[in-house]
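Visitor: Heads up: the protein sequence lines correspond to chains Z and Y, in order.
Quick note: the first sequence, position 199, residue 199 per our numbering, numbers continuous.
Position in the second sequence (first residue = 1) + 509 = our numbering.
Note that these hints are calculated values from the structure, not bench results.
A quick note: this is a predicted structure, and the numbers were derived from the prediction, not measured.
In this text, a Cβ means the ideal position worked out from N, Cα and C, and glycines have one as well.
Careful, some of the hints might be misleading.
As the list claims (entries may be wrong) - Each computed BS3-like pair below joins lysine-lysine, with the alpha-carbon atoms no more than 30 Å apart:
1. Lys159/Z <-> Lys916/Y
2. Lys199/Z <-> Lys723/Y
3. Lys355/Z <-> Lys333/Z
4. Lys708/Y <-> Lys199/Z
5. Lys894/Y <-> Lys656/Y
6. Lys559/Y <-> Lys185/Z
7. Lys369/Z <-> Lys397/Z
Said to hold, decoys possible - A few chain Z residues that don't get close to chain Y, going by computed Cβ distances all over 12 Å:
8. Ile166
9. Leu237
10. Pro248
11. Ser278
12. Gln325
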Amino acid sequence: MEFSGRKWKTLRLAGDQRNASYPHCLQFYLQPPCENISLIEFENLAIDRVKLLKSVENLGVSYMKGTEQYQSKLESELRKLKFSYRENLEDEYEPRRRDHISHFILRLAYCQSEELRRWFIQQEMDLLRFRFSILPKDKIQDFLKDSQLQFEAISDEEKTLRDQEIIASSPSLSGLKLGFESIYKIPFADALDLFRGRKVYLEDGFAYVPLKDIVAIILNEFRAKLSKALALTARSLPAVQSDERLQPLLNHLSHSYTGQDYSTQGNVGKISLDQIDSLSTKSFPPCMRQLHKALRENHHLRHGGRMQYGLFLKGIGLTLEQALQFWKQEFIKGKMDPDKFDKGYSYNIRHSFGKEGKRTDYTPFSCLKIILSNPPSQGDYHGCPFRHSDPELLKQKLQSYKISPGGISQILDLVKGTHYQVACQKYFEMIHNVDDCGFSLNHPNQFFCESQRILNGGKDIKKEPIQPETPQPKPSVQKTKDASSALASLNSSLEMDMEGLEDYFSEDS
Amino acid sequence: METFDPTELPELLKLYYRRLFPYSQYYRWLNYGGVIKNYFQHREFSFTLKDDIYIRYQSFNNQSDLEKEMQKMNPYKIDIGAVYSHRPNQHNTVKLGAFQAQEKELVFDIDMTDYDDVRRCCSSADICPKCWTLMTMAIRIIDRALKEDFGFKHRLWVYSGRRGVHCWVCDESVRKLSSAVRSGIVEYLSLVKGGQDVKKKVHLSEKIHPFIRKSINIIKKYFEEYALVNQDILENKESWDKILALVPETIHDELQQSFQKSHNSLQRWEHLKKVASKCQNNIKNDKYGPWLEWEIMLQYCFPRLDINVSKGINHLLKSPFSVHPKTGRISVPIDLQKVDQFDPFTVPTISFICRELDAISTNEEEKEENEAESDVKHRTRDYKKTSLAPYVKVFEHFLENLDKSQKGELLKKSDTHMCDYWMNNDSELGKPG
């Protein structure tokens with residue numbers, strides 16, 4: 001695909017042509033987009049899709065996939081974020097275009113590590129599964145054809161010839177006749193998960209697959225293709241990251257879902273050092289609570305712990321002077337020589353506040369960063385307890401925090417399903433005694449802020465247990481404004497049109 | 510025929526590799542019509558030499574190179590491996606990670622020792638006519654599925670030389686299959702699950718997949734003679750207790766009584782069928798399905814495959830026409846049209862055919878002393894006069910079918926690559942054999 005070199009013009013297609021470029025409300029994302037878009041739109045599309053995928057994840061945890069509640073909530077998310085989901089709606093070109101472009105932008109961000117890839121693929125698969133499940137039957141064949149999948153529904157005569165065999169082979173079919181059931185004929189190797197367990201009828205190298213089972217196959221195809229594409233994209237990544245316009249955004253995206261990085265807080269200096277002990281049990285997330293406890297007990301923390309905890313404390317409002325005092329006091333209790341502290345450790349603390357060296361103001365770690373990078377080893381106390389603690393130890397820890405057995409078992413289930421942040425949300429709900437924490441956790445400082453809001457009864461409180469349930473605007477709406485302003489500040493006045501992205505997705509790059 | 514002395518192997522092999530091994534058919538097979546460049550050259554072979562010396566990553570430039578090396582090294586055993594990205598004998602010169610196995614036939618290995626728990630006549634490496642039927646049934650069941658369910662067209666079944674059979678599926682698309690799909694195929698073909706600690710190894714659900722139904726129909730043809738007469742699986746209390754372990758306890762007493770009153774396995778089996786079908790209607794037991802009779806038949810007769818042989822693309826398997834060092838028997842192709850008549854005990858040993866060759870040669874020399882015949886022609890007629898001939902014919906029939914399907918491929922490529930083909934392949938073949 002050649003880059004046209006036109007600046008500032010988004011493709012404006014006439015009605016028919018617009019529909020031709022996106023004939024369906026869903027797609028397999030086989031072709032990268034080839035238009036120019038502004039940097040602002042690039043950012044916004046990316047943020048919106050991250051929000052969407054995060055909702056997909058949360059809804060998948062809170063509700064059984066496929067149930068009415070799940071479907072209606074997911075549909076409303078899609079509608080709100082203006083992505084495509086359903087056929088036969090008005091004006092579908094724009095939502096489909098947004099869907100298309102945003103997917104490819106996120107590939108750039110989420111190809112960077114195995115865990116990011118896995119998360120991205122999982123949510124995109126769930127999204128596709130949902131969209132496919134609401135596709136009307138008569139549209140399915142067209143969609144499959146356009147997507148270059150060799151899936152043909154067989155004729156009625158062909159069905160009759162082998163209906164008993166097909167029924168006897170497919171667990172998803174009950175009854176004695178095939179009736180109007182669509183049966184698809186596909187090469188046997190494309191139906192691996194079905195034929196290996198003898199769950200499909202094979203004849204002459206083809207599998208005869210009922211519609212219900214085709215979905216599983218399609219999703220597998222999708223997963224395989226996307227996985228391959230992400231690996232390819234990862235190889236092009238150095239080129240992408242060297243693009244100064246893209247690099248901060250992409251790093252930001254994959255490490256911070258909604259963009260708020262808690263680097264500047266309105267409450268600097270509002271916390272005094274003697275409050276920290278009590279705050280650690282009331283408002284700290286478990287990761288910081290355990291770091292604080294370890295620091296108090298051992299009068300020492302290793303580098304990983306100092307980084308994670310130190311930046312968190314900065315985020316909750318500690319000044320540099322307070323931080324220096326805090327760490328020094330504690331380390332000296334551990335029989336450290338004060339001069340050694342000044343020489344060795346204080347430099348690092350000043351460095352993390354941006355007062356030394358590069359003078360970058362380091363931002364506190366988000367949940368994802370803590371979960372994905374720098375796992376703790378023996379003697380470390382950093383990391384995410386839900387991710388890095390042995391379940392038995394985690395259980396004991398939660399018991400010592402006086403969480404109820406019911407709550408503990410819910411948390412352990414979420415951990416088993418690798419929903420670490422949701423588990424932490426559950427912890428939040430238990431210690432604050434609320435049914436719904438009302439936010440989607442992605443940052444330890446966010447945990448702290450939300451906790452303080454509840455405990456101090458601020459104006460922005462989302463839920464008071466005694467009030468009746470009234471629909472409140474989700475906090476994420478508020479965060480949108482924060483996010484774009486945060487990102488705008490990152491990228492200042494860079495409003496350039498972009499080079500075609502397709503180079504980063506194609507095989508030849 | 511039966512006398513085979515392993516100490517004679519070095520001499521016998523020398524003669525075998527010089528005069529009897531069917532090189533030109535063998536090369537025809539593995540070259541696959543020359544459609545893909547270097548397909549033969551990138552094939553791995555491994556040799557087991559005298560004193561158990563094992564060498565891997567052998568590869569050859571062409572048929573005559575193969576002949577020369579085999580005659581020089583005189584291998585006791587020959588295994589065939591995968592087609593690699595580079596010539597295997599140069600794999601050490603390839604950048605790390607770049608030397609990859611790319612294609613190989615889909616292979617199956619069915620070994621009689623895997624049936625030790627259900628055959629009463631022999632165990633471990635021994636076989637006899639009574640238990641060989643297990644291989645016959647295995648070949649029929651697996652071959653039917655490979656052909657009718659999977660659509661595989663080029664299947665070569667080979668006697669391993671001692672206690673089992675191998676299958677080589679050579680279709681072009683099959684050679685490219687991934688390890689995951691190969692494993693899936695073995696899974697599809699597997700019904701008997703569990704090791705020594707598991708008594709009941711076959712569990713059927715209410716819905717019977719056509720593969721299972723068709724396999725049972727094949728077993729039914731052999732069951733009476735194989736299981737009830739030859740194996741006599743209900744002969745006495747010791748043997749029928751094993752079968753009772755596979756049916757619900759609730760019918761044990763009734764069966765014990767009727768078994769004791771009966772005189773032979775056939776009668777006892779009839780009783781069992783009656784009682785089991787009654788039991789199916791009454792009991793919804795989780796442990797036993799509604800098809801007790803079939804589950805017993807399958808446990809005693811259904812093929813048992815070794816998944817490890819089939820799933821790895823780089824797995825090495827004994828070559829057809831290789832000699833079995835312990836029995837001396839040649840690994841010969843099996844004629845599918847006559848699978849019921851195949852008798853492993855009539856497969857020629859290397860000593861037998863060498864003796865045949867000696868006898869013929871002496872006669873021929875006397876007759877044709879004055880005619881000048883080229884060495885090659887001599888060699889190509891040699892095996893034809895021995896008991897190896899019919900087996901080579903089976904192999905040639907297999908090759909003809911392969912050729913037919915490859916002709917189409919070659920024509921497609923011939924426009925651009927005709928020159929290459931003639932230049933690289935034909936010049937080294939020598940006279941056509």
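Visitor: Does each hint fit the structure? Answer for all of them.
Guide: These are the hints, each one checked on the structure:
Of the supplied pair hints, the one linking lysine 159/Z and lysine 916/Y is violated, its CA atoms being roughly 34 Å apart against a limit of 30 Å. Note on lysine 199/Z and lysine 723/Y: the hinted pairing holds, with a Cα-Cα distance of about 16 Å set against a maximum of 30 Å. Between lysine 355/Z and lysine 333/Z the CA atoms are separated by roughly 26 Å; this keeps the pair inside 30 Å, and the hint holds. Restraint check: the Cα-Cα separation between lysine 708/Y and lysine 199/Z comes to about 25 Å, which is no more than 30 Å; the hinted pair holds.
Among the hinted pairs, lysine 894/Y with lysine 656/Y is inconsistent with the structure: their alpha-carbon atoms are about 33 Å apart, more than 30 Å. At most 30 Å may separate the alpha-carbon atoms for a hinted pair to count; lysine 559/Y and lysine 185/Z exceed this at roughly 53 Å. Among the hinted pairs, lysine 369/Z with lysine 397/Z is consistent with the structure: their alpha-carbon atoms are about 23 Å apart, no more than 30 Å. Residue-level check failed: isoleucine 166/Z sits 9 Å from the nearest beta carbon of chain Y, not beyond 12 Å.
The claim that leucine 237/Z is not at the interface with chain Y holds, since no C-beta of that chain comes within 12 Å of its own (minimum 21 Å). With 12 Å as the threshold on Cβ separation, the claim that proline 248/Z sits away from chain Y holds: the shortest Cβ distance comes to roughly 35 Å. Against the 12 Å criterion, serine 278/Z stays outside the reach of chain Y, whose nearest CB is about 56 Å from its own CB. Against chain Y, the non-interface label of glutamine 325/Z holds: every CB pair exceeds 12 Å, the least being about 54 Å.
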